[in-house]
Amino acid sequence: MSTLTERAASTTQPRAATPRDAGRRRRRRLGTIGHRALVALLLVYLLAPFVWMLVYSLYPSSALQQASPDLNPGLLTGASYARLLSDSSFLVPMVNSAIVGISTTIVCMVLGSACAYAFARYRFRGRNALLLGMLTVQAIPVIVLAVPLFILLRAFGLYDRLPGLIVTYTAFILPLVIWMLVGFFDEIPPSLERAARIDGCNRLQIMIKIAFPLAAPGLAATAILAFITSWSDFFLAKVLTSTAATTLPVKTAAFQGLFAMDYTSAATAGVITAVPVLLLALLAQKWIIRGLVEGAVKG
Amino acid sequence: MAEIELVHVQKTYGGHKGGAPAVQDLSYTIGDGQFVSLLGPSGCGKSTTLNMIAGLEDITSGEILIDGQRVDDLDADKRDLAFVFQDYALYPHMNVYDNIAFGLRMRKVAKAEVDQRVHDATRRLDIEHVLRDKPRRLSGGQRQRVALARAIARRPAVFLFDEPLSNLDALLRDQTRSELKLLHAELGATSVYVTHDQEEAMTLSDRIVVMSRGKLEQYGTPYEIYHQPATEFVASFVGKPRMNLLPAHREGDGRYAVAGSTLRVALAGSPGGEVRLGLRPEECGLVGAAAVGGAARDAHGTVRVIEPLGNASDVTVDLGPALFTVRVPGFGTVHVGDPVQIDTSAARVHTFDPVTGRRLID
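Protein sequences, first through last, are from chains A and B. Just so we're aligned, residue -12 is where the first sequence starts under my numbering, counting upward by one. Just so we're aligned, residue 601 is where the second sequence starts under my numbering, counting upward by one.
Hints were generated in silico from the structure; no laboratory data involved. Virtual Cβ for every residue (Gly too), placed ideally from N, Cα, C. Possibly wrong hints are sitting among the right ones.
Partner residues aside, some chain A positions facing chain B, computed with beta carbon under 8 angstroms [stated by the list, open to error]:
1) Pro176
2) Arg181
3) Ile185
4) Asp186
5) Cys188
6) Ile197
The following block holds chain B by itself, in its conformation from the complex (with noise of 0.2 angstroms):
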């Protein structure tokens, strides 16, 4: 069990003076026993913050302490931790029982205990029968579990992982997401995740830390990820299909205009007189410009594109300056070039500032 502090820590690669920092003033911390993932498109720094915190890489200035203590000056094997990597990282010459029981010999584990170790995490993870297999001779599930196993073996205070499950394939992927939930609920161990997946940061987090260019823009539980996003960046990468973002001003009657176009928004408070405006696709609704009696005039753009899903629809209405999704139920009830109006009074408005991207309102 442990608590993990990040304390203005920076990166920089190639000295003080080289580029922009790949990690700049992250300061929060990751609660005992918690589960937080790292969230951000690729090259935002969330794997170099992994990495700082195992001891893979040093860190340029600032703090990390775990329960307390200082550990960016300890070597990785020092700060009791285990990491599981993207590619798995087993080695190639020893069998799957000699994977997992490397790191104990390391550690001078008494040979019994790494025996009971080693065949109680290979239990747990149902990998029993490949013990004397070579990594090469496992399919892609089978060495990710073996991973898995040698990082429970360890009975580390804290778990990181590096995309884990990027390399499987979609089934397999949803099935390993559910039973790293379970293994996490099981094991309680404060367990750091790296993934640019939403939907997984989603589905197993306590708690989400989204970056982006090296910079923490949000860190919050999961429903104040995607209810209260902090800036018009974390609103764009979380939440599928993707929130509509749009310029909006306040008309003479206090209410905005969307985009420039006749769809018009009601705002509580006085955010200002341009913002940048959030609707989510599934918070809106779509209603026929004929089904409410009013002419074509009236609507607020034309429907482009239907996308079916199964469940629900992702349609396109083209409001003139700028597009706008809709999700609605089943396959829809409108066709391509119907004109339609946007029915946003059931949906949750963003607002941001255009400059900063700062949340306005909450």
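Isolated chain A (complex conformation) (with noise of 0.2 angstroms):
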């Protein structure tokens, strides 16, 4: 009995280090060094640019075009958002942008959810075929479409438009929509369905009460994408509008002028165009990671 007892205190016991452990130790710690150096480094290379212009838009250009920049702090300065943010020929765009950007995002996800919930939930003759024939529009480049997209925008009144831009940005962006959300609306379990007929509901009672809210996260995290990608489109926005129906980013880009820069005025376009783009894939990455962590759909 005691050799038993004495034998199981000996196993639980730490076992000395040798020198074989020291080494796995140290080449443990050089990995994760050498790991930690290159997400520094990535994030410098993705960050910088951002940083650069934000510089840029807080300090006068005076401070900065010279040989080497003066980053003296008392020189921070807001002038340049307060005369870009009363500038009627700089709000206009804002208000465009968001106008579309808003507006794209709540027909795509009004259509989007009812069409994805369609293909999730039935079978029916080409439904694999409607889904690939979405996925192939994604894979034309715009560019190739910019032409015949300005023929058309004009000759129904639309060019120069904001419900011409609404209208084109849904054409792109629906099918992406509807491809994220069929994933999403794949992942509830029919039974909860079933069990909500039996409860009463009618088919858009059982989208509205039951799949809606369980696939909120994929939902939110699809409106801000389909927001994003409109709301800082250039290539459309600049080849189907003049004047009237001109968005942010390119306003932003008319700060380069042929003969002159105003690269605090673009900078500070930038921010702001930037600033909400920013805070939504903050908010959708929360959401994302929200859906991941409670397992929502997963009873």
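Hints in hand, dock the two standalone chains.
Written out as structure tokens, the structure is:
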């Protein structure tokens, strides 16, 4: 008995460290340092342009446009923001972008969620072909469609008008929205919807009361993606508008003139354009993580 | 309270022309207040039948009546029934209270009445302390109770259960099974219960519907299902250990030789020259050939395997052309390799038509 106890005690004692263990620990520590250095480098690479843009928007151009830029904190100023935000030629594109972004998101989410729910829940002839067809739209480079779109919009009297942009963005973003949402709806166990039918829900009520709340993280993330895509698009807005329906990215680019370059205004407009996108991206991240952690649809 | 009647109910997936029907020509009546189990292996059509009664699946042809009124063209929520799903199907975004209250609110039941019914149901199932919790915080057993409470709170005429115990561990399953039986005794509502577990069906039911490949094999009381199986399928599916089902042919002395071995069985009546013969292992006995003073050549076979269960042992005897199982009390007195005789004198002998599988003599 005592031998057994002694043997048991000896097995629970920590093993003495060997030189081999020390080597392994050193290698592990070096690995961690290397990993962190790589992450830091990547972060600098990704953030540097944005930080430099922020710096440009907060310092007077005279302080920066010299051989050695003067970054004295005393020189920090919000004058450029005040100037742009009180300038109607800047405010109109900003409001335009907001209208286009929000409208496109609403249209895409209303149509997309109903469509995606049908794709996820019904098996009908041509279902896969339709889904694949929508994906093909995404594969066509926008530049190929720019001229036909320009001609179409002008023919329908939608050139340089916000509805024209909304319709165009919806056409491009809707397939993506449907693709994303089909995945989220697929995750919802069909038995929940059958339970709702027994409980007295019709199809629409099942969507609103059961499917949408369960797919909420997915819906939110998709809506944010739709907004970001339409808010920050430059190319189509440049081709399909001229003055009345100009959006923020187009206006921002306009600060770069042929003979003069207003760096401070361009940087300030850039920051103003990026802030909602950044905020929404952070929010989307929170939603997506919440969806994963809570396992909302797993019951 | 309700009586459910199925009249020539048929279900074919993918239109009338597609493949074999999932459910074929089902006709039977589930009496008012009865607890009836739909028993069968996976894919036999029992869940499809339940879904058709619930209104979750359309029927291809036939009629379903509840209390004499045709319901197969009514929506699920208009049939006055509650459904307990295999995976419980609790709404993850609602707490326990809202899960139970949801169906009542959809039916525009007054708020005070909803509150009272939710508390009644949860008190009955001892889950009042989790009313504010979301389903993900509950154990499997608690979720199961919430699913039951949701059904009870509705106070429906019919309860439908789709394998509600299959996700529970063995101990909890046995406990919940007893509670279900008690609950049915208290509520007295007509209940239809789908299961592939014959033990569950036998212990819970007033009557059992045995199904195979979409067809009704037998509808009867647990006693009838066990002692008078209508088909060879029912005989083999119900009973543990499985019934010995072997071919037998009539010998010159009028007795039947089992599977071409020396085991002979006398049969009342005259079922025919060739039959399928069924003997339940627990009704047969085993005698060591030496114990009855006979030589090894008088033995019916030799012991191949012994599976002790504690209170009994299942002994597999090699008859030569076939194997035969006998359940003996305790750990038994025979050993592997012993020559043995099988005593069928106390056993009820079941005979089935070798072609159709139908029962030949009652």
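A quick look at each hint next to the structure:
no. : hint   : result
1   : Pro176 : 6 angstroms, holds
2   : Arg181 : 5 angstroms, holds
3   : Ile185 : 5 angstroms, holds
4   : Asp186 : 4 angstroms, holds
5   : Cys188 : 6 angstroms, holds
6   : Ile197 : 6 angstroms, holds
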